[in-house]
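A.B. asks: Here are the chains, one letter per residue:
Protein chains: 2
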Amino acid sequence: SLRRIKASGLKLQLCTNETQATRESFVRKLRALGFEVSAGEVTAPAPAACRLLRERGLRPHLLVHHDLVPEFAEVDKTNPNCVVLGDAAENFTYANLNEAFRFLIGMEKPVLISLGKGRYYKETDGLKLDVGAYMKALEYACDVQAEVVGKPAKSFFESALAELGVPAEQAIMIGDDIVNDVGGAQQCGMRALQVRTGKYR
Amino acid sequence: SLRRIKASGLKLQLCTNETQATRESFVRKLRALGFEVSAGEVTAPAPAACRLLRERGLRPHLLVHHDLVPEFAEVDKTNPNCVVLGDAAENFTYANLNEAFRFLIGMEKPVLISLGKGRYYKETDGLKLDVGAYMKALEYACDVQAEVVGKPAKSFFESALAELGVPAEQAIMIGDDIVNDVGGAQQCGMRALQVRTGKYR
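Here the protein sequences line up with chains X and Y, keeping their order. To convert, count from 1 in the first sequence and add 1; that's the numbering used here. To convert, count from 1 in the second sequence and add 1; that's the numbering used here.
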């Protein structure tokens, strides 16, 4: 169906909440499955966060997955004035959480940017706490509210529209998640279509 | 002043939120400082939690500090139907947090008991996230509300009164913390007195 959309001349942008790897490796996985997409056709939380950091002159301390670090290669990370939190998985150690907390609590006005707010997810070896749980821990400790990048945040869909160069009224979001995909897109003025595949129940 | 209170014939119960060690080791520390107290004169979150577990037939999975584990020696921990969370410090690993989460999410009705709800505290090597932050993470992931044992919980002061064998009207709470000590005791029908020492500012 991706091929048919492209063949018809429609512009396409994939919106994913994947934060355990760079867009490049995400695209490699898709290509291995036979989908012809490029990194530029993917909107993901990390690049959206980079854009936000640039716009606001923020220098992050990163608590993210090892494999995601390259997405932030171009970003100035000296003398941090915000914390960017992703699904860090094995990097969610006691020491790393305390370190991120100390950066936040040491700021005059703590800025916490979270690459999602999922509660948990399933892997082959069982359920895992997702980034949202750690976001809540830091929010509580520092008495701040995190800014969430990624679906269903409005700014995330605006990012995707900017990449497409298309206004919201001329775009349609197709997804399997009623909150993250359909709800988020509608809040942004887009039409949305829910497919009954993937996580649809 | 402890000696004068005891000499006057008044009954005494120390109420602490200490959860990184057993009452026995807490008392050893106090005795080394010259205070003549016994473990029976200390009300602490872990023993209060044990009482609550017994009353409700709960079998805990423990995520607590190594040094606190002996407090739960008598408690049946097979086939857990609740999680008891304390300031586990180095035990707050990614694996241990996921394990506690899996126990909770696997319960028909998750029961999370937290030995406090502090945000953070200071140690010689810097600020550390306290049990409250991890409590919020698990609360969010499992969509439950933790039951907090320890000051300022009403049940905690009731526990202390039960140990004393004295009704609330005949007891007075003396402490340096306006919320945890004074507020908690007053909610329980006790009078309270704030001293301008310790953490008082």
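Think of the hints as simulated: they come from the structure by calculation, not from any bench. Owing to the predicted nature of the structure, the values given are computational and were not obtained by experimental measurement. Don't take every hint at face value.
Same chains, same label: a pair holds when it works inside one copy or across any pair of copies.
[Claimed, not checked] Below, a list of computed lysine-lysine pairs in the DSBU-like style, where the Cα atoms sit at most 30 Å apart:
no. : residue 1 : residue 2
1   : 129       : 78
2   : 12        : 110
3   : 7         : 123
4   : 12        : 123
5   : 123       : 110
6   : 30        : 7
7   : 110       : 7
8   : 155       : 110
9   : 155       : 7
10  : 7         : 78
A.B. asks: List, from low to high, the hint numbers that the structure doesn't satisfy.
C.D. replies: 2, 3, 4, 7 and 10
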